[in-house]
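There are 4 protein chains.
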Amino acid sequence: MQALLRAVISFRDERDWAQYHNPKDLAISLTLEAAELLEIFQWKSPEQVQAMKSDEQACRRVKEELGDVLIYALNLANEFTFDPAEVVLEKLAINGRKYPVEKAKGRADKYSAYEE
Amino acid sequence: MQALLRAVISFRDERDWAQYHNPKDLAISLTLEAAELLEIFQWKSPEQVQAMKSDEQACRRVKEELGDVLIYALNLANEFTFDPAEVVLEKLAINGRKYPVEKAKGRADKYSAYEE
Amino acid sequence: MQALLRAVISFRDERDWAQYHNPKDLAISLTLEAAELLEIFQWKSPEQVQAMKSDEQACRRVKEELGDVLIYALNLANEFTFDPAEVVLEKLAINGRKYPVEKAKGRADKYSAYEE
Amino acid sequence: MQALLRAVISFRDERDWAQYHNPKDLAISLTLEAAELLEIFQWKSPEQVQAMKSDEQACRRVKEELGDVLIYALNLANEFTFDPAEVVLEKLAINGRKYPVEKAKGRADKYSAYEE
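Chains as they are written, first to last, in the numbering used here: chain Y, 915 to 1030; chain R, 915 to 1030; chain V, 915 to 1030; chain D, 915 to 1030.
Every clue listed holds true.
It does not matter which identical chain is meant; a pair holds if it fits inside one copy or across any two.
In silico EDC-like pairs for lysine to aspartate or glutamate, Cα to Cα no more than 16 Å straight-line: (1) K958 with D969; (2) K977 with D997; (3) K967 with E993.
These are calculated hints, taken from the structure and not from any lab test.
None of these values were measured; they are calculated from a predicted model.
Let the hints inform the model, and build the full structure from the sequences given.
Written out as structure tokens, the structure is:
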């Protein structure tokens, strides 16, 4: 993760783009890329969505948009000097306390009100 | 990255939640979390946004929402059996060809039409 | 539409809130409310979605979030002194030229690449 | 509003597109259009945002994306047989009780935690 963060920040600094990066605009950009990723699945039925996993063009589009999402997420983590790995692990821990295994497993109704 | 991905997938499987995860709903969830992250900066001026970097409560909120975004991004990468590190590095390469350093560096007007 | 716009602007001015409204933050708010509306359908299958039309609580939630979306849309139209009715009719005209009836009707494949 | 709703539904029915419209996909589409609207303001400073109000090209882009947002909002209202005007007026009433004039007016700090 640290190596990826360095690659993302190098890319930004090689082009002298840090001047444009601030948390609010990075959060906006992250939202816009998430929407571009969601757009790939717009109007698709559950069957069509599963079929996309073996469609080369669909996979390529998803990979590219997911890349944009991750790049902005890493840039945002950097703004607050967060360790991306720590960000994930800490939230998994919080989620683990909110949804302990013994309560969550096997309860189909869990997902009717699920909210990570 | 691989270790983080395994942690995220284990969390899902311990609770038997893979049955609810499909690309479209994961992309929706990623968009919703990105919006919750953006909400932290709603109405804030550029000055207020910079001040948040040294505000403990704001930092904690950003860290948690960023965690949710990254967790869904990793779950989505897993759906398509992507290596998250590869997803980032490949998109940086694509962006590098689109915005070569010699063209991008120092050009303040670059950001008026900037689109990663 | 004009009456609705006046009601929305009066609400804002009674509270002296125009000082906080600017196009960018209104566009952010509109995106956040759209996400809250989408959240109502998170994880829901096509069958569950149709069932929501006759579920009183679901209908109430949708109505409220849709209200927030429309209120911000009207505030944004006001920022640019647009007539909301004209905004809709002009875009329908643009869409009509892009998707003429003779070409669009009956073509099931239209929606595989549909983009309004 | 009723006339606008009829225009939007006629457009859909002339092309036989009702078959593709369901609440969840309409909510997704509304979110995607809100993001396209927000994108117009990506990276823009408060000063640049105000300047856009007198920029013909920017105004045209905002008008078109706002049109898409309103069209999907009207389609979604129709799915639940809501009267769009009622949707707005009821939410203004709810907001009015949440933020009574006597409490809200003049309080600059109101917007630090403002949430419609």
